[in-house]
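**Q** So the chains spell out like this:
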Amino acid sequence: MSSAATVLYDHPGPKAKARNLIFSIIFGVLLVLLVLWVLDKLNSKGELTAKKWEPFTTSNVWSNFLLPGLGATIKAAVLSVIIALPIGAILAVGRLSDHRWVRWPAAVVVEFFRAIPVLILMVFAGEFYFQYTDVPSESRPLFAVVTALVLYNASVLAEIFRAGIRSLPHGQTEAAQAIGLRKTQMMVLILLPQALTAMLPAIVSQLVVVLKDTALGSIFVGYAELLRQANNLTANFSNSVATYTVIAVLYISMNFILSMLASWLEKLMRNRRGGGKHVPRALDPELEVRA
Amino acid sequence: MNFDFLSNPDYDILGAFWVTVQLTLLAAAGSMIWGTILAAMRVSPVPLMRGFGTAYVNIFRNTPLTLILIAMSVVLSNKLGLVLASKSSPTFIKDNNFRLAVLGLVIYTSTFVCESIRSGINTVPAGQAEAARAIGLRFSQVLWIVILPQALRSVVAPLASVLIALTKNTTVASAIGVAEASLLMSTMVENESDALLGVFSIFALGFVVLTLPTGLLLGWVANKATVKR
Amino acid sequence: GKKDSKGNSLADKPNKLTVGIKFDQPGLGLKAPDGTFKGFDVDVAKYIAKELGVKEGDITFKESKSAERENLIEKGEVDYIVATYSITDVRKEKVAFAGPYFVAHQDLLVKSSNTKITGPESLTGNMKLCSVKGSTPAQKIKDKYSKAVQLQEYGTYSDCVDALLSGAVDAVTTDDVILAGYAAQHPGDLKVIGKGFSDEHYGVGLKKTDTKGKTAINAAITKMIGDGSWEAALQKNVGPSGYKIPAKPAVTE
Amino acid sequence: MNQPASGSGPNGTPMISMNNVQKHFGALHVLKDIQFEVPAGQVVVVLGPSGSGKSTLCRVINRLEPIDSGEIRVDGKILPVEGKGLAMLRADVGMVFQSFNLFAHKSVLDNVALGPVKVRKMNKNAANDLAVGLLERVGIAEQKDKLPAQLSGGQQQRVAIARALAMKPKVMLFDEPTSALDPEMVQEVLDVMTSLAKEGMTMLCVTHEMGFARHAASRVVFMSDGEIVEDSTPDAFFKSPKSNRAKDFLSKILTH
Amino acid sequence: MNQPASGSGPNGTPMISMNNVQKHFGALHVLKDIQFEVPAGQVVVVLGPSGSGKSTLCRVINRLEPIDSGEIRVDGKILPVEGKGLAMLRADVGMVFQSFNLFAHKSVLDNVALGPVKVRKMNKNAANDLAVGLLERVGIAEQKDKLPAQLSGGQQQRVAIARALAMKPKVMLFDEPTSALDPEMVQEVLDVMTSLAKEGMTMLCVTHEMGFARHAASRVVFMSDGEIVEDSTPDAFFKSPKSNRAKDFLSKILTH
Ligand SMILES: Nc1ncnc2c1ncn2[C@@H]1O[C@H](COP(=O)(O)OP(=O)(O)OP(=O)(O)O)[C@@H](O)[C@H]1O
Ligand SMILES: Nc1ncnc2c1ncn2[C@@H]1O[C@H](COP(=O)(O)OP(=O)(O)OP(=O)(O)O)[C@@H](O)[C@H]1O
Ligand SMILES: [Mg+2]
Ligand SMILES: [Mg+2]
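Residue numbers (the numbering used here), protein chains in the order written: chain X, 1 to 291; chain F, 292 to 520; chain B, 521 to 773; chain P, 774 to 1029; chain L, 1030 to 1285.
Any given hint could turn out to be false.
Sample of chain X residues with no beta-carbon within 12 Å of chain F, all distances over it, derived [what the hints assert, rightly or not]: (1) 58; (2) 71; (3) 124.
Under 10 Å between C-beta atoms, here's a sample of chain X residues computed to sit facing chain F [as the list claims (entries may be wrong)]: (4) 41; (5) 51; (6) 54; (7) 90; (8) 115; (9) 219; (10) 226; (11) 227; (12) 240; (13) 244.
What the hints contain is simulated information worked out from the structure, not anything from laboratory work. By construction, the Cβ of each residue, glycine as well, lies at the ideal position given by its N, Cα and C atoms.
Chain X extracted, bound-state conformation (with noise of 0.2 Å):
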């Protein structure tokens, strides 16, 4: 049983197991119940018909519209996160200076970036560079998609940072402090490296959202990655249903992957440091629910 199930219940007895084993089988019918509609529905509607699903099984539609797409996804996800990576990390030691000059406007620029809809700073980016830029049309959703979703995860990454390095155990400074390390050579050989692994797999997380948030860039600016793929695919194959389920699998394993990629890293970290006893929740509800 997993471990929220052994605080919440006590070890099942003979009773308890037959009992779960009744509402198991209701709850499986219903379900049951519930698929069957839903493709019978669609079998009315033509959607299930070979004709329709038929394309993604041919190496073209893979070659020109979903890898290419997925590549786009991927490329504008990667780009961002590699971009936003040091911005957030000086923005979090800019967070945690002594100094209130350099504290205050890493504070400012860190929370209006978290508190604008990504599809917002998208538009303004997009048109920004259509009217003030000389980059090409061909890149410019490119451009549009980095740089809103740099803005917004530079934030994000800068709390994270923030929060691994308090989350580190404050003996950590005190031990570095006592041995006569000085405050860059702390953070710099005790601190950033440590909350750098801690928060490795908060940081893969926030790659699950940038990967999804690539997507508002069909939205407006049209950006081609793996969902604006769809435009095109029905307009050949007018198969909406199969070109949404498809893409939307596609979506989903690339992020089950990173997420389970995401607790792996955290159980390795639990284990390294040692019972985890000072390891914080890396997938800190806070940030992780941010998308």
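Once you've looked at the hints, dock chains F, B, P and L with the ligands against the given chain X.
**A** Leaving out everything else, chains F, B, P and L with the ligands in the frame of chain X:
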């Protein structure tokens, strides 16, 4: 900065933000209810319910909201025939889209509500339940007297972030044509190209006004509610 | 795909071309799964290229979304655009047009079985009309013909057609030839009403300053219309919809 | 294994008896065929190195952990596996944990009165009176309206003992009740335990406090690797442990 | 307050001296006008109930906590308040914490060699040799490539001592170095401390290990409520404590 557009009667900025607020409040209520049910399933001793809860959360949390909302309209409403307004109503399309957007936001946001509640339950040390069982409390008593009161207090902070994220996520409803803030902004930046910064700052300010006080207030409540150990 | 060193005009025998088209419009400009491009606009674009002395293999097609078209030309990112591009005075301030190579009319797409909708006037209250986000045709119907009609807006016409097929909307509106492209995809299921109620002159957009290029393209269009390729291309791309090939346009730009 | 110094209590039925009890955690065999009795009125101290199964021994007695096989009886009755029967049995067995486990959101008084009201169906006032009485007995009646987090460790543990006593248990289990405490607070908790022992409460105590074991215990049980290795009087155990494992353990514990 | 048994060390300058030191945490007065010296070569054990200010006394000496007023000298030099001067002074004062505080992301060897390389600017090889030597001395050279979390508590604390020694400190501060350890591991750490004391290291140790205080200390200082209440030889302190507070404390600690 150029703010001439503020006097243009075509742009109902307050109206657009009012739609944003309505989307937020309705979706928040729905997500709380459905998210709590999901959490109950995820921690239930019935394996199939746990499996369903886990699968639901993993599927919808990992799908872009944009895709969920588009599917609401294109698949759920058009193909499965789920309409949320009277077909004969003169505002059927507008109402139906708005409600579909709320439903889509609920489907997505409830996964985060569920996970917040579940992690709230997990923050209650196992020793609390053991001590409760050891004095002879039965399952429902352990749950209602000892675990839930403590879990709910640690759930305020994560739920506050969910609410803030939701407020911002309502912008995605523009993907199915709901006339909320971001849709109006995208129209305005195209038409008022000389006032880009002005338009952006108005909409940015709108969201700062919507999210910052919520965050501060709920953060304060969360602080008050924390169980000291 | 920049012009070669000889000069700035398309008339100066370029050896490569970048041409703007639509990627997701069946019958006009569509990227097929095999990576090729199909449609009437594509055929026009290729014919012009041939006349300019460029081999088909030396054409690079580039997606040009409606809102981006003037910008693409002004910045020289494409050499010319053939993408259901209506000639208007506002646009002429920024770019030059050759053609028109086609005159389209705003029209309605409905299910073949639909007998109630016969034209824009028959869109009574509670009828649901679909068009793409931010497009003018739908607004035109509301303003001119039927205030009571309800508007569903999607990101693409494909979604509109999908909604029409599943009965969620009653009609889709935009230029007849675009609608015909979809009708051709679903022969027997959909029909274009055929009562066009406005004229859209499709032109080939190019740099405002390139007068020589404009003349060359005009010549190519005239030749295409004259030698039967024009009609053949239309027949091939939108014919199956039952759409009546309209009269040949006069090149006036 | 040896089985001296015990037998059955005054009324013949041992308060706790374990017969061939086996318990695994996955592949780990943590209780190996345990055969063991605690007669009414006895105070049994369980010693042993970390991981030897002492806590598990305690926890299976009120089924906080289920066992794989064997039989456990409390006051002659077989341990029920679930439901109301199990809850009622647990109410009869008081348990005190290393980490106190007071209900963090309830006042000290409510912590103690909760069980009598909810389980024993006592009325609220009577339960409060009972609770105040017990809090006086453990010496912290004046803290009754505070939250647990406002108390020192020693005080919290005394509340935990009062909470267990409020159920009027037939037997008390203590799992290292003092090892999470600051040294000066150990004694106040041991004092309460010693006075309980003197009053004739049946007690099973896992503890490293050798003073308590020597002076208050009727028997000392030494566990190692899931087995009961020695079971003798405190005097016999500390003066002449028989097994090498016990000798080794004592030498480590007693030097400093 | 009494001030016996001390004075100044062989060379006249006390290694640590505190003059009229005051320290508050908010409204709480935790160090009350402390007047106190540790001559070179002495081993001073600080005793006192929880919250009496023992840790704070230790921590102000290398300014992990700033003081409100008064003067602290280490080896005759006034404690700098910040910057390089403070860092260099801290390097001269070794400190061992209750919770070890090893750098969790660095190997045992790197933990010990880090200070010499980064602070003393020793070259990497020489620092490693020094570290291996010290690890041998505390008996865990063979663990040098492991991460701290892979070691037992007792081993970790010995690494922490080696880390402090690697800076060749003039004085060592110990803040309850054994109270986070399982009972079986206490002795191995005390052994290292005793041998350090024998070699003449100046040491200030907060500890509840009475055996160590009796046998290894030159002086025992008893604190209560932020004051130094007694300051005498171990014999005098344990046999005849003068103040009631000390008597009370000893009675609580020594009974069990
Ligand atoms: N819930 C559990 N799941 C898996 N293994 C467990 C669990 N509880 C205890 N164990 C293991 O069972 C063995 C016995 O544990 P137990 O807690 O009974 O020992 P103990 O003698 O009380 O030790 P300590 O003195 O450290 O408290 C240990 O190896 C422990 O790691
Ligand atoms: N950082 C701090 N902020 C506020 N109060 C503090 C802080 N550190 C210590 N105190 C308070 O100062 C007093 C003295 O603390 P100190 O840790 O020096 O006591 P101690 O004698 O070491 O106690 P213990 O034996 O529990 O370690 C205590 O009341 C403590 O609560
Ligand atoms: Mg134990
Ligand atoms: Mg202390």
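**Q** Now tell me if each hint is right for this structure.
**A** Right, here's what the structure says about each hint:
Once the 12 Å rule is applied to beta carbons, residue 58/X is consistent with being away from chain F; the minimum gap is 23 Å. Distance check on residue 71/X: its Cβ is at least 16 Å (rounded) from any Cβ of chain F, clearing the 12 Å threshold; non-interface status holds. Residue-level check failed: residue 124/X sits 4 Å from the nearest beta carbon of chain F, not beyond 12 Å. Contact between residue 41/X and chain F, as hinted, is supported at the beta carbon level, the nearest pair being about 5 Å apart and thus within 10 Å.
Look at residue 51/X: its Cβ only gets to about 16 Å from chain F, farther than 10 Å, so that hint breaks. For residue 54/X, the suggested interface contact is broken, since its CB lies about 19 Å from the closest CB of chain F, more than 10 Å. Taken as an interface hint, residue 90/X does not check out: its beta carbon lies about 22 Å from the nearest beta carbon of chain F, beyond 10 Å. The restraint placing residue 115/X at the interface with chain F holds, with a minimum CB-CB distance near 5 Å, inside the 10 Å limit.
Look at residue 219/X: its Cβ gets to within about 5 Å of chain F, closer than 10 Å, so that hint holds up. With a cut of 10 Å, the hint placing residue 226/X at the interface with chain F holds, because the nearest CB-to-CB distance is about 9 Å. Annotation: residue 227/X was flagged as interfacial toward chain F, and the flag holds, the nearest CB pair being 6 Å apart, inside 10 Å. Because the closest C-beta pair between residue 240/X and chain F is about 5 Å apart, less than 10 Å, the hint holds.
With its C-beta approaching chain F no nearer than about 5 Å, residue 244/X sits inside the 10 Å limit, and its interface hint holds.
Comparing the model with each earlier hint shows violations of hints 3, 5, 6 and 7; every other hint is respected.
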